[in-house]
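Construct the entire structure; sequences and hints are all you get.
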Amino acid sequence: MKRRNFLTLSAGAAAGAALAACGSSGPSDGSTGDTASGEAGYWFLSGPPGEPIRQGAVDRFNKANSGGQIKVTTFQNDAYKDKLKTALGAGQAPSIIWGWGGGGLKSYVDNNQVDDLTDWFAQNPAVKDRLFPASFGPATINDKIYAMPCETVQPIVMFYNKEVFEKLKLTPPQTWGEVMSLVPKINAAGVAPFSLGGQSRWTNMMWLEFLFDRIGGPEVFQSVFDGEANAWNNPAAIQGLTEMQKLIQANGFVKGFSSITADSNADQALLYRGKAAMMLHGSWSYGIISAEGGSFIKDGKLGYMNFPTVEGGKGDPSNTVGNAGQFLSIYSKASDAQKETAKKFFTSLLDDTEQQGWIETGGVPIVKGSDAKLAASPDADFLKFIYNVSSSAKYFGQSWDQALSPTAAETLLDNIAKLFQMQVSPQQFADNMNQVIGK
Amino acid sequence: MTLAPPVVPSAPPAASSGGRSGSVTWMAWPALVAFVAFGVVPLIGVVLLSFTSWNRLSTDIPFTGLDSWRSVLSDPGLPHALWVTFLIMALSWLFQTPISLLLGVFIAAHKRYRSVLAVLFFVPLLLSQAAISITYKALLDPNFGLGAGLGFEFLQQDWLGDSTLALCVVVFVVSWQFIPFHTLIYQGGIRQIPTSMYEAAQIDGAGRIRQFFNITLPQLKYTIITSSTLMVVGSLTFFDLIWVLTAGGPGDATRALAVDMYQRGFKADLMGPASAIAVILVLVGLALALGLRRLGGRDASASQLEGV
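These protein sequence lines are chains A and B, in that order. If you count by this note's numbering, then the first sequence holds residues 278 to 716, one letter each, in order. If you count by this note's numbering, then the second sequence holds residues 6 to 313, one letter each, in order.
Just so you know, the hints here were simulated from the structure itself, not pulled from any lab data. Since the model is a prediction, treat every value here as computed from it, not as a measurement. We put the CB at the ideal spot given by N, CA and C, even for glycine. Wrong hints could be hidden among the right ones.
Here are some chain B residues pointing at chain A (derived, C-beta under 10 Å) [said to hold, decoys possible]:
{"hint": "1", "residue": "Arg119"}
{"hint": "2", "residue": "Ala123"}
{"hint": "3", "residue": "Thr140"}
{"hint": "4", "residue": "Glu158"}
{"hint": "5", "residue": "Gln161"}
{"hint": "6", "residue": "Ser168"}
{"hint": "7", "residue": "Lys272"}
{"hint": "8", "residue": "Leu275"}
Structure follows, in structure tokens:
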């Protein structure tokens, strides 16, 4: 007992020092506001396009409710993840926890940091039924719902530069075989077949997610997720990894891809500047290209489609992967009044104004029937495409690094980086990954 | 030197250390308090954490004995990270020391244009490491960087995407930032050397090169040791620069110990193993610092100016 106290103390001191070192980026006392009046803390990501929309939803809620108010603190993406974990470890997290669901949420659940919302959703079916059913996947841990899905659906799609294809008199690939035969032709014209921000690692991962699904169906990764021994040895997995390395060796990706970060948006720039013909990326890339790519979209040069099929593969071609939504959980150590405020806030989310806000950023809100609102948008074609991909997908896979525990995810990303550098073979990759199954 | 009179042992220090009335140990207190609070206490915390398996989330910290140590020491990633750390350390020492030394000699002379240059040389040290890394990353970008912009073939390398090149770039950027600092140290050291030595050498007919090797270098012995200690121990903690430039990549080609520690602790949520690596870092740093002190001879405070 004594030792534990001391450990907690020293850890607290270390965390305190770490927080102090982080400077003035916000108060660390997320939930310790006015607990009696039910003022609930809410942390989310700063920066466009999401921040003003999230802030707007909070402002409307605070105006409409005289009682418990929502108090906002914003963080940058990477800083947020670190700060939230530190705050959870120190027992000082905000009442409302914004997140990505899946493995991260599971680690909160395993440590009893977030509340089970299953009963609340059962009592408020109207809240649940208006959202995409697929959006509850990453919010559900051990058959219980621990988070409120919110915001937009972001599938991964294949973007391509129509101008490049027209100039080379080629057509975008429908199958993996066509991908492999297109690569030398595009390379011969001095254009990179695919753009890739490989230093970020999760960008490489999206390729494997699709290859695994197209070759062996969702079951391949599901068995990893379920913790089956040696699940990565599945022949479909090995085939996917092998095809991946074949594409890399055929110079399928832009030169120097392993030193390009996704944060720099250089991967999108390669596509709209015509230096790369295609790019597999999240639907949010549309917003980036629209903001930075000049008149590229206006001139109708941006093409998009679902990932090609793989000949003889078992996966349904309508399947997709990506973010089925974003997720709000309630901190278990918040006061009852704060939890009430949070739940009231949840019911107010994704009203018409907020949906319109997301649509204007090129996002599709996770509300059923939101496609009716899409037609009026200047980006209607793309939004309808995303709506159809998301709503007609037989299976909406979650990003692997979000689905797995942080420990397993880090090993996965590490090995993916090595696979793309040809530092490990498919079998070595599988062996390395089998060791962290279920961890 | 043979003509020097026999060395007279200096008088034993007075009982009141410092030579003034009253004890002066209190002078060490402010530094000691800060050191204990921000150095020793966190260090003890890290040592304790290395015997646990904390995941950063739970509010209680399970004690798991040697588990973390076992997992770290049996991981093939550790020898690799040690090797990368050693390479960066050795290469950056080899690169920085001769250049700083020569630059130090150059700007030590009291000439106005050299003082102006000294100020310019100093600029890289004033910039933040993160800013330097971001700038270099942009300059070295394979598609939008300097090589593509200027159209020079030899600049169009995959600077940060090739294992060997990436390591060299890290060493180069580190050196680019820290050479000014070590130049400054050497400049100070050189200005301490009595000019009478050079005058005597000139009378004896020694040329510039001879003077450099027979007077400047030996006289700078302790300056070299100080500068090397700072370089070697400092290179153990390179993190921000590597993280921004390569994030430890490509693959794990530039994953030094500090980067490995961060990835385990803050990305994989394995605070126990990360703390174990932190302890290893501290031990390696201490061993290196002690070893370098030993290099300076048994009595590091001995005078080099006997007989002058």
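_A closest beta-carbon separation below 10 Å is what the hint needs, so does Ala123/B meet it against chain A?_
violated, 33 Å
*At a threshold of 10 Å, is the proposed contact between Leu275/B and chain A supported by beta-carbon distances?*
Hint on Leu275/B: holds, closest Cβ of chain A at ~6 Å, below 10 Å.
*Does the interface hint hold: is Lys272/B within less than 10 Å of chain A, judged Cβ to Cβ?*
With Cβ-Cβ at 5 Å, under 10 Å, it holds.
*Any CB of chain A closer than 10 Å to the CB of Ser168/B?*
Ser168/B check passes; min Cβ-Cβ to chain A is 8 Å, inside 10 Å.
_Hint validation: Arg119/B versus chain A, beta carbon distance must be below 10 Å. Holds or violated?_
Constraint on Arg119/B not satisfied, violated at 38 Å.
*Go through the hint on Thr140/B and say holds or violated, using the shortest Cβ distance to chain A against 10 Å.*
violated, 13 Å
*asked:* A closest beta-carbon separation below 10 Å is what the hint needs, so does Glu158/B meet it against chain A?
replied: violated, 13 Å
*Grab the minimum C-beta distance from Gln161/B to chain A and call the hint holds if it beats 10 Å, violated otherwise.*
At about 9 Å, which falls below the 10 Å cut-off, the nearest Cβ of chain A leaves the hint on Gln161/B intact, so it holds.
Hint compliance for this structure: hints 1, 2, 3, 4 are broken, all remaining hints hold.
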